[in-house]
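In case you want the letters, here they are:
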Amino acid sequence: MKRKNGCFLGFLLLLTLFVWIPVWVLCSGSFMGKDEILKNVGPVLGQAKGRASWSLLPVYPTLRAYVELLLDSPNFFTMFWNSCIQVIPVMAGQLLVSVPAAWAFAAYKFRGKKALFVLYIILMVLPFQITMVSSYLVLFRMKLAGTHLAVILPNIFSTFPVFIMTKFFQAVPGSLLEAARLDGASERYLFFRIGIPMEKSGIFSILILGFLEYWNAIEQPLTFLANNKKLWPLTLYLPNITTDNLGVAFSASVFVMFPALLLFLYGQKYLEQGITASGLKE
Amino acid sequence: MGRKITALALLFVLVITSLSGCSNKNGQINKEKNGKQENNKQEEQLDYKSKSPEMGRFMESKISFPDLKEGERVVKIIRNQENQIEVYTYLKKQYLMYQLKEDKTWENGEAAWLNDGRLSGSNVEFSDLCLGEDGNYYAVYIKYSDKGYGSHIIKSKDKKAAEEIKFPYLKEGQTYKDYTIYPRVQKIAVTKNGDLVFGDDKDSLLIFSKEGEKLAKIPAAYSEDTGMASFAASENDVITVTQDKKNIIFYNTGTKETEKTVPYDASRDAKAFAVKKDGTVFVGDRKGIHRLAKDGSLWETTVDGVLNSMSMPSLYFDELFVSDGDEEQYYASYADNDGGYRLLQYVFDKNVSAVPAQEITVYSLKESNTIRQAASLFQAENADIRVNYVVAMGEEGGTVSDYIRALNTELLAGNGADVLVLDGLPVDSYVEKGVLADITDIIKPLEESGELLTNISSCYQQSGKIYQMPTHINVPIVVGREDGILSMKDMDSILSYMEKEKKVPYGGPTTYKALLQDYLALYAKDLYVDGKPDKERITAFLEKLKKIADNRKAVEYLEDGRSEAADTGDNFIDSGLLLQDRAFLGLIKNKYSIGVTQIGGIFQLSVPCAISEQTGLHIASINQHFIPEGLVGLNNSGANKEIAKEFIGFLFTKGVQDTKVLEGFPVNSGSLDKWMAEESSDTFAMSDGDGNYVDGDLPDKEEREYFKSMIKELNSPIEINRNVYGIIIQEALPYFTGKIDAQQAAAAVYSKLSTYLAE
Amino acid sequence: MANKESKYKASKYKEPESSFVRQNKKLTKSEKREERKAWLFLLPSLAGILVFVLIPFADVIRRSFCEAMSNKFVGISNYKMVLTNEAFGLAVKNTVKFIGICIPLLLILSLILALLLYRQKRLEGFLKTSFLLPMAVPVASIVILWKLIFHEKGLLNVLLSHLGIGTIDFMNSDKAFLVLVFTYLWKNVGYDMILWLTGLNDISVSLYEAASVDGAGAFAKFRYITLPKLVPTMFMIGALSFINSFKVFREAYLIAGDYPDNSIYMLQHIFSNWFVSLDIQKMSAAAVLLILVFLSLILSFIRFDREEE
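These protein sequence lines are chains D, Z and F, in that order.
So for the first sequence, UniProt numbering puts the first residue at 1; every next one is plus one.
So for the second sequence, UniProt numbering puts the first residue at 1; every next one is plus one.
So for the third sequence, UniProt numbering puts the first residue at 1; every next one is plus one.
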């Protein structure tokens with residue numbers, strides 16, 4: 001049995017290489033000098049002859065790319081800040097909006113609940129591209145296009161966190177609520193003192209998932225902020241890879257990955273207390 | 001309890017609505033507009049939509065020079081100690097000076113110090129002249145000889161006699177074989193204690209004591225306009241921009257320390273500095289004139305450069321003079337890219353609204369000098385109109401498609417720009433969907449009056465309507481024997497010509513990618529039957545091209561690793577890079593049968609002409625093709641259609657088209673005549689690694705006439721569909737590199753192309 | 001990590017909740033009050049959705065019956081145009097193929113991983129973090145990485161040619177589909193694994209113990225206890241994976257551009273290309289069709305889910 005477990009462990013560790021190799025390439029690339037990285041990556045960008053290559057460690061490690069990123073690219077900070085402005089309010093807003101909505105779905109009975117929940121599921125599944133144009137027009141009419149709010153507001157009302165949170169709240173025993181009601185507890189008490197504390201791992205889950213989603217958003221800012229490049233988030237800075245700033249692209253990648261990584265380290269345990277096994281129904 | 005929850009919910013709704021409510025107010029609008037016109041920091045100035053317009057604006061007026069004689073040219077404009085403008089000119093080995101009097105008349109002044117023979121030889125080039133803060137006049141010139149060149153500085157107290165100042169620095173030469181190069185001083189400034197400041201060739205300034213001792217070297221931002229740092233002296237301070245272009249510094253030559261650093265968002269263009277007696281500092285650049293109070297730290301934009309000549313790409317700031325006293329006015333001296341000077345005055349006019357009342361927006365994917373230039377001229381003529389020029393693709397990321405989608409959303413919202421520069425945009429789709437308006441009523445009068453080259457304009461008739469018109473054209477030409485030139489008419493003729501001339505390769509070495517791009521530009525219609533891609537045709541095209549590639553010894557990558565092709569990674573095909581043979585000079589020794597290049601101005605004609613003279617080869621256009629540049633169209637649902645129309649018409653007037661903006665030949669026939677008549681004493685020499693050498697001067701009269709008539713016979717625009725290009729190049733390349741055969745490549749091209757066309 | 005909380009909620013308290021469902025149509029006073037409270041909790045969310053999702057959505061429906069720019073009513077001709085469009089057919093085929101292959105594959109792979117990790121105490125945290133990590137890698141970085149690895153001249157091909165296998169152009173051939181599938185699995189397998197683990201942890205240990213007493217083998221326990229208990233989890237994970245399958249387009253687009261190899265030409269490609277050429281009418285009609293398909297899928301899913309129970 002022990003040996004079998006060891007085998008499994010070895011196999012799993014082998015699988016993690018799929019993850020760690022790319023991550024390592026990103027990290028080590030960020031410490032390479034300009035020439036080295038160009039020599040390594042250039043061939044795949046049609047900028048150098050031969051084939052791509054990589055060494056386990058940078059041959060001439062340097063912090064140049066980071067220095068360039070942090071000191072010489074004022075844009076980077078603006079965009080980093082923009083990313084923060086466009087992500088943090090969304091998460092706060094989602095808490096305010098979707099947690100109560102999820103509570104309504106989980107803790108109450110009302111007419112039209114099933115239909116409404118199906119609607120929420122559909123909206124959750126819809127690709128962004130479908131309503132992209134029309135959404136822009138609505139935002140434009142509201143004079144929001146080209147402002148941070150154009151990215152923030154629609155994302156706050158994403159139905160995905162409602163769905164996830166509903167799943168969590170459904171685990172709160174109905175009998176418990178009923179008993180509390182009989183004891184004279186107010187609805188607010190039920191929500192704030194029973195629902196939220198019991199399912200705070202759910203709240204952390206939606207925060208983490210939300211952060212990952214919006215921190216990496218590309219389409220929304222690109223469409224809704226098309227005319228106001230000053231508000232562009234980091235994700236739109238990254239794809240701008242030319243041979244001149246290849247090193248910066250790697251260091252910027254590491255930098256962008258960093259907050260998400262931190263979040264994982266602190267919040268992973270909440271993700272693991274995952275969604276209850278209750279299927280799709282409301 | 002329920003009530004409290006209600007309250008909570010209501011509060012939330014309130015927050016949301018007030019948030020969106022806020023944004024209805026001008027705060028957000030300003031931000032949005034500000035993002036569009038990144039040039040200006042002053043939001044208040046931009047609030048042109050406010051109900052009661054603020055009055056008063058600095059208006060630009062041109063100060064005409066004194067009547068200059070033929071051949072007389074301005075070499076420098078300065079201001080003397082009596083605050084008079086002095087214009088220095090050069091005519092027949094003689095320097096002249098004119099002073100601007102109070103009543104705006106010109107009076108001859110003293111310039112004897114420049115005429116003692118030192119500066120007037122044919123081997124002498126005038127470099128710069130200044131009035132030092134110490135009250136002396138200084139001039140710099142460069143003397144050339146067979147053995148090299150070096151700079152000399154003279155100084156004059158009374159403008160009558162001059163003495164040369166000897167500097168050890170100026171004697172630090174570098175010798176290559178028997179040619180010695182001494183430091184080249186392009187600009188000079190002198191502080192109150194007599195220290196001299198030189199602009200280096202590079203990104204730093206050198207400071208010397210009057211005895212020639214080197215005091216300091218300060219790093220400074222390089223300007224692309226002048227090829228050196230911008231700087232000025234005020235009292236004992238040297239003013240310049242830091243290398244990171246984020247600050248303006250005041251370096252005191254007395255204490256040898258940077259006394260003051262003021263944040264300033266500087267760009268690459270040349271800057272002029274001025275300091276008023278009360279210590280107010282002024283900076284002039286393309287964005288305008290900016291003012292900083294003596295101990296202030298915030299710049300105030302007094303003159304918005306977008307609204308006048310300052311933003312013209314063909315001009316750059318040389319000197320800025322500010323009148324003393326409370327009512328400021330400015331004089332600005334500009335150098336233009338023809339080597340001339342221009343003097344403009346800015347006076348505050350209380351009767352003009354602070355910002356123009358009307359606005360049109362012009363959109364283009366990439367920066368267009370023509371539009372920039374025309375916008376400046378248009379605004380100068382129409383003080384109440386602002387031309388808001390939006391260039392979509394800057395230094396940020398994003399592909400062409402991303403930007404087009406963004407533009408499309410705007411167009412759908414009825415918020416699109418009034419004038420669209422269509423280069424790179426899906427024109428056919430815009431015409432089909434009715435996005436573009438018919439501009440026949442603008443173009444027809446221009447055609448009838450003979451202003452517009454009708455052979456060009458008639459190419460853009462689309463069932464009786466005109467939706468687009470190029471502001472400039474580039475002409476691909478072929479140089480070769482007569483039968484060689486004739487062979488360009490189709491690919492089969494090329495093949496049979498190659499068969500006939502086995503000894504000499506058809507053209508110079510190139511890459512597969514460049515070859516594909518070039519031949520697609522010329523023969524893309526070979527791929528289709530009745531507008532549909534045809535597998536057999538594609539196979540035939542690829543096979544023929546492969547033969548040409550083999551004949552030309554094409555490779556995948558050049559030695560330096562580049563693929564030498566026109567698309568620049570973001571999928572925007574820069575047509576300026578198409579049809580340009582690298583090894584053009586190889587024609588001289590008959591190494592290749594034909595050479596292809598693109599011409600867009602008289603200077604680019606020089607090399608082909610010289611080769612033709614040397615070898616007797618002919619020059620012709622390729623199948624009367626031309627490459628349109630700066631296609632403009634009118635948005636059908638734009639808010640200011642009438643002004644937009646006026647602006648489009650303005651783009652084709654002689655006033656705009658006369659200016660050289662390096663975007664191709666003008667389509668205005670008067671401007672074309674003017675361009676073709678341009679005189680210059682410049683000569684050129686060119687050689688390549690294979691020992692081919694060619695030299696000469698501008699084409700002679702006969703050649704010019706030939707090219708002019710050639711341009712007037714062009715009748716077929718080269719249209720580049722970046723999607724089709726992308727698809728074919730991507731799928732066909734493996735065939736050229738030998739990975740797949742022609743059938744496979746053709747099948748791949750066919751299937752992708754069909755998908756594209758089926759969309 | 002098998003947390004007490006979730007065990008407690010999943011197994012014990014499910015039944016009483018569903019017993020609250022009332023059959024009678026007429027509402028009592030307390031029910032009315034309950035209903036009002038529910039709507040109050042829902043209100044902010046509903047209001048936002050109405051403005052930012054439903055209004056645009058209504059606009060899409062309107063546009064699907066109109067001409068692109070002039071807004072002239074054209075009946076169902078846009079739908080006809082879309083349904084007869086070859087490119088659309090290709091995109092639908094590819095998308096269905098992608099989802100059809102990816103989701104089962106992802107479910108199986110992540111379940112295997114979860115089973116391997118289940119009861120695996122050594123390095124548990126490290127392993128979980130490792131598999132979750134791809135979620136944190138920015139899309140744009142994946143693009144550089146994938147180019148570096150899968151390009152014709154990339155690292156994988158260097159490796160393959162060392163092994164004596166010829167070079168394969170992963171990006172510009174039908175192999176691109178495999179790369180895309182790999183990307184999708186790579187990104188999502190970690191989170192799905194975590195979800196499976198939660199499901200596994202919710203299965204009461206006593207069930208297994210009881211089975212052991214009855215002499216059931218490991219496979220039998222898996223077949224008769226684990227799998228049936230995991231069915232609801234499967235629906236949940238399936239739904240989330242489905243959502244994520246539409247997000248892989250970001251990578252496909254950034255790596256291969258507007259016109260990738262025909263094997264990965266997906267619905268999102270045609271949508272985005274239609275948008276570039278301003279074919280909003282086609283986009284809208286296709287969007288409406290897509291939503292109808294989604295709706296029927298989800299409804300049948302839910303029905304199936306319920307029957308299963």
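Since the hints were derived computationally from the structure, they do not count as laboratory data.
Here the structure is a predicted model, which is why all the values come from computation and not from measurement.
Check the hints yourself; a few may be wrong.
[As the list claims (entries may be wrong)] Straight-line Cα separation of at most 25 Å, SDA-like style, residue types lysine to any residue; simulated pairs:
| # | chain 1 | residue 1 | chain 2 | residue 2 |
| --- | --- | --- | --- | --- |
| 1 | D | K113 | F | R33 |
| 2 | D | K113 | F | L295 |
| 3 | F | K32 | D | L12 |
| 4 | F | K147 | D | T62 |
| 5 | D | K114 | F | I55 |
| 6 | F | K221 | D | L12 |
| 7 | Z | K660 | Z | S637 |
| 8 | D | K143 | Z | I142 |
| 9 | F | K32 | D | S186 |
| 10 | Z | K489 | Z | R537 |
Going through the hints against the structure:
At roughly 15 Å between alpha-carbon atoms, D/K113 and F/R33 fall within 25 Å of each other, so this suggested pair holds. For the hint linking D/K113 to F/L295, the alpha-carbon distance of about 16 Å falls within 25 Å, and the restraint holds. Our distance criterion of 25 Å between C-alpha atoms is broken by F/K32 and D/L12, whose separation comes to about 54 Å. Our distance criterion of 25 Å between C-alpha atoms is met by F/K147 and D/T62, whose separation comes to about 23 Å.
A C-alpha spacing of about 21 Å is found between D/K114 and F/I55, which places the hinted pair at or below 25 Å, so the restraint holds. The suggested pairing of F/K221 with D/L12 holds, with an alpha-carbon distance near 23 Å, which does not exceed 25 Å. Taking the CA atoms of Z/K660 and Z/S637, the gap is about 32 Å. The hint is violated against a cut of 25 Å. Proximity of D/K143 to Z/I142 is assessed by CA-CA distance (about 59 Å); at most 25 Å being required, the pair is judged violated.
With a C-alpha separation of about 16 Å, the suggested pairing of F/K32 with D/S186 holds against the 25 Å cut-off. Note on Z/K489 and Z/R537: the hinted pairing holds, with a Cα-Cα distance of about 17 Å set against a maximum of 25 Å.
In this structure, the hints that do not hold are numbers 3, 7, 8, in rising order.
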